[in-house]
Amino acid sequence: MRRAGIGAVWRTTAVRLAALFTLLFSLLLGAGLTAVYIGTIGVVDRQTDATLDAEVRALSERFASGGLSQLVRAIEDRSGRDALADNVYLLVTGSRRRIAGNLSGWPVVEPGAASPEGWISFPVSKRDGAEVKDRQVRALVFDLPQGYRLLVGRDSEDQLEFRRRFFSVVIWVALGTVALGLVSGLFLGRRVLARVERVAEAGERIAAGNLDRRVPVSGRGDEFDRLADAVNAMLDRIEALMQGTRVATDSISHDVRRPLTRVRAELELALRRDLDGEQAQAAMGRALGELDRAVGILNALLNIARAEAGVAGSAWADVDLAQIAGDAAELYQPIAEERGVTLTLDLATPAQTRGEVQLLAQAVANLIDNALKYAPAGTGAVTIATGPGPSLTVSDNGPGIPPEARDTVTERFVRLDAARGGEGSGLGLSLVRAVLRMHGGTLTLEDAQPGLRATITLPPHP
Amino acid sequence: MRLLIVEDDVETARYLASGLREEGHGCDVFHTGTEGLSAALGTEYDLIIIDRMLPELDGLSVVRTLRAEGHKTPVLVLSALAQVDDRVKGLRAGSDDYLTKPFAFSELLARIDALTRRVGGGEAGETQLVVGPLQLDLLTRTATRSGQEIPLLPREFRILEYFMRRAGRVVTRTMLLEGVWDYNFDPQTNVIDVHISRLRQKIDKGFDVPLLHTVRGAGYILKDGA
Ligand SMILES: Nc1ncnc2c1ncn2[C@@H]1O[C@H](COP(=O)(O)OP(=O)(O)O)[C@@H](O)[C@H]1O
Ligand SMILES: [Mg+2]
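Residue numbers (the working numbering), protein chains in the order written: chain A, 1 to 462; chain B, 1 to 226.
One or more of the hints may lead you astray.
With a cut-off of at most 20 angstroms between alpha-carbon atoms, the simulated EDC-like pairs for lysine to aspartate or glutamate come out as follows [said to hold, decoys possible]:
#, chain 1, residue 1, chain 2, residue 2
1, A, Lys126, A, Asp155
2, B, Lys101, A, Glu290
3, B, Lys223, B, Asp186
4, B, Lys205, B, Asp224
5, B, Lys202, A, Glu338
6, B, Lys205, B, Asp193
7, B, Lys205, B, Glu156
8, B, Lys202, A, Asp292
9, B, Lys223, B, Glu107
10, B, Lys89, B, Glu44
11, B, Lys101, B, Asp86
12, B, Lys205, B, Glu149
13, A, Lys133, A, Asp158
14, B, Lys205, A, Glu338
15, B, Lys223, B, Glu156
16, B, Lys101, A, Asp292
17, B, Lys89, A, Asp318
18, B, Lys202, A, Glu337
19, B, Lys223, B, Asp113
20, B, Lys101, B, Glu11
21, A, Lys126, A, Asp86
Partial pick of chain B residues on the chain A-facing surface, computed with a CB cut under 10 angstroms [as the list claims (entries may be wrong)]:
#, residue
22, Pro102
23, Leu153
24, Asp186
25, Gln188
26, Val191
27, Arg216
Just so you know, the hints here were simulated from the structure itself, not pulled from any lab data.
Idealized CB from N, CA, C, for every residue including glycine.
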């Protein structure tokens, strides 16, 4: 793994995943601890406050019913003048002079520290044996009639201590969570991603030219094995394509060289023999014909290559296979008649799809061309029919294509009857297949008993 | 006619210019898109022949600029790209015709001829095409020769109409495929020849003077016997 500064580290998926999960987990933990806090300390706090509130109310009622003397007695009863008691009472006059209670004097409270409802909090020094401790008291102050003031409080030091402990535990837990989350996240992430790294490494090596290398498969059958399998399948396909390209290039050089050789021969002979006007004309005419043939092969190859690489483009439109077939059949009708082949059309089934009209028309034309070419002269019968799918079938009653050859005839330059000679360059079916692949369709070659039934199936119109 | 040739390959440009001069045309030759554009903007030409791929400014951009400037001179685009939608792109950019390299010179001549001479019978409301003894009624879709009706299939009618609108001019097989069938590709077998020979059977058979002639190495021509 490359390490170049914090930016590069952050860019690794392992780090980002670890950070993300730590963050998520911390948030969850925070929510949980908050709930615990509200459910424990919060409840105790509220209970204390409620008790103090009830106490104040009871004492003020005592004052209302029994006057000052009753109140003083009640306070004295409850506080027992014990400076160490948890409960704190103090009753003062309007001039803050102590009347009763277990507090020596009115506490010093920072101005503004009292809540509007009269809640205050102040420290009290308590002697516990030899020690003097500062303990925090929470109290409620209540103004009685005639200027008397009542303070009822409770030692809240234990609660505060609990709260302090709680928060220190929270902080340690939080730190621990983050640390553990990051470390384990990083560790796990690195372990998992190390396998991705291996795929990437293999990819880099392959890109560097080592085409026969493959991504290692662990055999566990997990997602990474699926990734490796997919990558390996892709590499197999690339290798096959490369192989195909090599073969095609060889055939191209071979098939284009043939007409060029003839051109060369024609021209050279014409020069050498010093042909007279008419003969020279004829030789050059033949040479031109061969050149046209070479150019035709190159154009056909370009079209195939383009269709093979093609995707839906601006030239795509809604097309009706029935109409394409009808037009093409009409173009070939005179040829059929000339060869004594009956051409039957059954285009009643609509066959709407989307695609490049010119390429689809050329594909259909190639199929019809073949059917007419290979159907027996004089007794030939060719049927063109649309079907569901949408699909289009061109069948003839010629020799057909043997099952074992049905895959290879769609390769470039493959001609089964090459030995018999005749017209053709073996590129017709290659174009059909390429055009269909480009359109997401298929070409199926079947036995028409006798003859060939070629069916093209395209995706239905969306 | 005065022609402007914009082609970066010097050999091709030279061969184009000398061939067209032999045909009696005057030719100005430029090798870059910008030179070609300023020449086209500065001089009145009858036709512009422009290569699609040019240094500085490509052919289609030149055409687009010309059209944006309001120039209506016909433009023929030459291209080494033979793809179906390239032709469409070329025409969409405002050019009038598109020819793929390498091309037959006769094909080029036929197309120049087609571009610079107004297509016959283009006027709105015209219902009759006449070439010598041959008459085509566009409303009733009937053809007669010397008053004698010739029964034609719909496609044959369209082929004949195409010829009659270009009477006296060479029509190539690709022009027919593009103009009558709307096909931008070459069918493998020479189907056009069969169509033409059938049409010829119908309009010339039994008459002394043939009207539909084969032009060797180029295509066909429909012309009054004279
Ligand atoms: N309808 C058919 N009947 C019999 N054989 C056929 C038919 N169509 C194609 N083939 C065989 O498949 C080969 C490849 O066809 P194609 O690619 O069109 O090339 P081409 O027609 O130029 O020979 C042909 O040479 C022929 O042997
Ligand atoms: Mg074929």
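Status of the hints after comparison with the structure:
1. A hinted pair counts as satisfied when its Cα atoms are at most 20 angstroms apart, and A/Lys126 with A/Asp155 qualifies at roughly 11 angstroms.
2. Between B/Lys101 and A/Glu290 the CA atoms are separated by roughly 16 angstroms; this keeps the pair inside 20 angstroms, and the hint holds.
3. Proximity of B/Lys223 to B/Asp186 is assessed by CA-CA distance (about 26 angstroms); at most 20 angstroms being required, the pair is judged violated.
4. With a C-alpha separation of about 15 angstroms, the suggested pair B/Lys205 and B/Asp224 falls inside the 20 angstroms cut-off, and the hint holds.
5. Taking the CA atoms of B/Lys202 and A/Glu338, the gap is near 16 angstroms; set against the 20 angstroms cutoff, the hint holds.
6. A hinted pair counts as satisfied when its Cα atoms are at most 20 angstroms apart, and B/Lys205 with B/Asp193 qualifies at roughly 17 angstroms.
7. At most 20 angstroms may separate the alpha-carbon atoms for a hinted pair to count; B/Lys205 and B/Glu156 meet this at roughly 15 angstroms.
8. For the given pair, B/Lys202 sits about 31 angstroms from A/Asp292 by alpha-carbon distance, which is inconsistent with the 20 angstroms threshold.
9. Restraint check for B/Lys223 and B/Glu107: the C-alpha separation of about 18 angstroms stays at or below 20 angstroms, so the hint holds.
10. A C-alpha spacing of about 25 angstroms is found between B/Lys89 and B/Glu44, which places the hinted pair above 20 angstroms, so the restraint is violated.
11. Proposed proximity of B/Lys101 and B/Asp86 is supported: the alpha carbons are some 13 angstroms apart, at most 20 angstroms.
12. Using a Cα cut-off of 20 angstroms, the hinted pair B/Lys205 and B/Glu149 holds, with the two alpha carbons roughly 13 angstroms apart.
13. Taking the CA atoms of A/Lys133 and A/Asp158, the gap is near 13 angstroms; set against the 20 angstroms cutoff, the hint holds.
14. Restraint check for B/Lys205 and A/Glu338: satisfied, since their Cα atoms lie roughly 18 angstroms apart, inside the 20 angstroms limit.
15. Distance restraint check for B/Lys223 and B/Glu156: the Cα-Cα separation of roughly 17 angstroms lies within the 20 angstroms cut-off, and the hinted pair is therefore satisfied.
16. For a cut-off of 20 angstroms, the pair hint linking B/Lys101 to A/Asp292 stands: about 11 angstroms separates their Cα positions.
17. Only pairs whose Cα atoms come within 20 angstroms are accepted, and B/Lys89 paired with A/Asp318 is accepted, the gap being roughly 19 angstroms.
18. Restraint check for B/Lys202 and A/Glu337: the C-alpha separation of about 16 angstroms stays at or below 20 angstroms, so the hint holds.
19. A threshold of 20 angstroms between alpha carbons decides the hint, and for B/Lys223 with B/Asp113 the separation of about 15 angstroms falls inside it, so the pair holds.
20. Restraint check for B/Lys101 and B/Glu11: the C-alpha separation of about 14 angstroms stays at or below 20 angstroms, so the hint holds.
21. Between the alpha carbons of A/Lys126 and A/Asp86 the distance comes to roughly 11 angstroms, so the proposed pair stays at or under 20 angstroms and holds.
22. The closest approach between the C-beta of B/Pro102 and any C-beta of chain A is roughly 6 angstroms, which is under the 10 angstroms cut-off, so the hint is satisfied.
23. About 9 angstroms separates the beta-carbon of B/Leu153 from the nearest beta-carbon of chain A, less than 10 angstroms, and the hint is met.
24. Against a cut-off of 10 angstroms between C-beta atoms, the interface hint on B/Asp186 holds, since the closest Cβ of chain A lies about 7 angstroms away.
25. The criterion of a C-beta within 10 angstroms of any C-beta in chain A is met by B/Gln188, whose closest approach is roughly 5 angstroms, and the hint holds.
26. Annotation: interface hint on B/Val191 holds; nearest CB of chain A at approximately 5 angstroms, less than 10 angstroms.
27. Because the closest C-beta pair between B/Arg216 and chain A is about 8 angstroms apart, less than 10 angstroms, the hint holds.
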